[in-house]
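Number of protein chains: 2
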Amino acid sequence: MTKQELINIIKSKQSFLCIGLDTDLEKIPKFLLDFEDPIFEFNKRIIDATHDLCVAYKPNIAFYECHGSKGWDSLKKTMEYIPKGLFTIADAKRGDIGNTSTFYAKTFFEYLNFDSVTVAPYMGVDSVTPFLEFDNKWVILLALTSNQGAMDFQFMTDQQGEKLYEKVIRKSSQWASSERLMYVVGATRGEGIGEVRKCAPDSFFLVPGVGAQGGSLKDVADYGLTKDCGLLVNSSRAILYAGKDENFAIAARSEAQQVQIEMKEILKAANLI
Amino acid sequence: MTKQELINIIKSKQSFLCIGLDTDLEKIPKFLLDFEDPIFEFNKRIIDATHDLCVAYKPNIAFYECHGSKGWDSLKKTMEYIPKGLFTIADAKRGDIGNTSTFYAKTFFEYLNFDSVTVAPYMGVDSVTPFLEFDNKWVILLALTSNQGAMDFQFMTDQQGEKLYEKVIRKSSQWASSERLMYVVGATRGEGIGEVRKCAPDSFFLVPGVGAQGGSLKDVADYGLTKDCGLLVNSSRAILYAGKDENFAIAARSEAQQVQIEMKEILKAANLI
Chain A
17 MTKQELINII KSKQSFLCIG LDTDLEKIPK FLLDFEDPIF EFNKRIIDAT
67 HDLCVAYKPN IAFYECHGSK GWDSLKKTME YIPKGLFTIA DAKRGDIGNT
117 STFYAKTFFE YLNFDSVTVA PYMGVDSVTP FLEFDNKWVI LLALTSNQGA
167 MDFQFMTDQQ GEKLYEKVIR KSSQWASSER LMYVVGATRG EGIGEVRKCA
217 PDSFFLVPGV GAQGGSLKDV ADYGLTKDCG LLVNSSRAIL YAGKDENFAI
267 AARSEAQQVQ IEMKEILKAA NLI
Chain B
17 MTKQELINII KSKQSFLCIG LDTDLEKIPK FLLDFEDPIF EFNKRIIDAT
67 HDLCVAYKPN IAFYECHGSK GWDSLKKTME YIPKGLFTIA DAKRGDIGNT
117 STFYAKTFFE YLNFDSVTVA PYMGVDSVTP FLEFDNKWVI LLALTSNQGA
167 MDFQFMTDQQ GEKLYEKVIR KSSQWASSER LMYVVGATRG EGIGEVRKCA
217 PDSFFLVPGV GAQGGSLKDV ADYGLTKDCG LLVNSSRAIL YAGKDENFAI
267 AARSEAQQVQ IEMKEILKAA NLI
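The listed protein sequences derive, respectively, from chains A and B. 289 is the number that the numbering used here gives the last residue of the first sequence; the numbers go up by one with no jumps. 289 is the number that the numbering used here gives the last residue of the second sequence; the numbers go up by one with no jumps.
Be aware that one or more of the hints could be misleading.
It does not matter which identical chain is used: a pair holds within one copy or between any two.
For lysine-lysine, the following DSS-like pairs were computed, each having C-alpha atoms within a straight-line distance of at most 30 Å [said to hold, decoys possible]:
hint	residue 1	residue 2
1	K86	K19
2	K19	K153
3	K260	K122
4	K214	K93
5	K19	K122
6	K43	K234
7	K43	K27
8	K46	K19
9	K19	K260
10	K122	K46
11	K43	K92
12	K86	K100
13	K100	K60
14	K100	K43
What the hints contain is simulated information worked out from the structure, not anything from laboratory work. Just so we're clear, the structure is a prediction, and the values are computed from it rather than from any experiment.
Chain A with its partners taken away, still in its complex shape:
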């Protein structure tokens, strides 16, 4: 998917919502456990109930991988079920030496046909660029994450006053343009997103941490919105587990709709729609 196509979807759906498919057998309604593939059954119903309200789905690969080959089958079926025209993100946080990163890229871009994959920057240029060699596929690079441990290394400041996450953005912007490269930018504080926006004025940010992880959508938009929107805001648990019984998909839709309505207002106020 191209950047312009993504912008078009955001405008037509009046939404920049990404729904994280962190599908956990311990948290899904119990009646689904009687199905042959409970994870896929859950995802299918969530997708049916929400696909008109969001622009992206983001399966968290750990939740599939922990079931071994069965989990990978659930993931593949889920990917095949997501309607065309939605942006898909493999939240995998991979990154390795060149030829290994190429295998990871093939996994997510070819075998599973994702539009994008999240990548960890620690190993530098040759761990990231193999993911950039696939047409119309995206890298979403970890920059500033929303967890407590983000403080350990990401704010490290060098002798010129540049922080590690700033260096990650500055260097990686030489490896690909904002047409191919997005950043993960955590949302625990809106001002934090504003700081990152200064480093990457044209890039899309994938913002986790709204909802269960505690960020405010208005803050994120105030500090992060660009002339192209430039934001994909993720919500996982708050939507997936809004309901616990047979009506869980209706509850999920209701939760997603509330977010979408708020997003529509934000896009209108910014004259983006």
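Fit chain B to the supplied structure of chain A, relying on the hints for placement.
Just chain B now, with coordinates in the frame of chain A:
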């Protein structure tokens, strides 16, 4: 496996060789492609031919994952085939927020029963500690890698003169002792390993990059050996693909044996055996 058990294996086998199972359908002998599970067939014969010469096997997860559920089955069968008493490393380079890292830990430590997993440090403490909550299981944290991109961020120096890889070692050593935590330390230059050894005098280092990636075993030992050995030196392609025909396992054994003999001399010279 405990640290003492690992040391005992090294001494009894007179080897600190780790064999990387980077099993690539494009590189294995063609006749194996007629088997139902060529990857497992290849691994099985490599393991049969080398298990008395090495102390660890390290499947590179990307090479399995790219085949989807079938690849995960090959990986599981490989794990079940590796003889007891060998140390096993999931070279996965995972790392995510807490509850996601827990799922990754369950994948590798419970579902696949690995002794250890490689973890990327970028997201900090709560991305690493979930892997440390499993008895007798190890984290092998990326510190200084052997690829070109290591220069991009790992040598970043803060205002107190501390490099990023040094900070990773210093901080992580507060999360777990050398009984549970090792480091990936690249081997393109022996002196580099010496620098890292100063930061982590008692820790085991997993050293990739000897062989195809270009490091010298003697240099690694000169700069990295401790009173407990403290080294697992990996070789993947040089051993796996030493031969290209029906006799590939014999060629692999011969290559592994050359390395083991060199390691025995090193251990003897250091009075470790």
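Exercise. Which hints, by number, does the structure contradict?
Worked result: 1, 4, 7, 8 and 9
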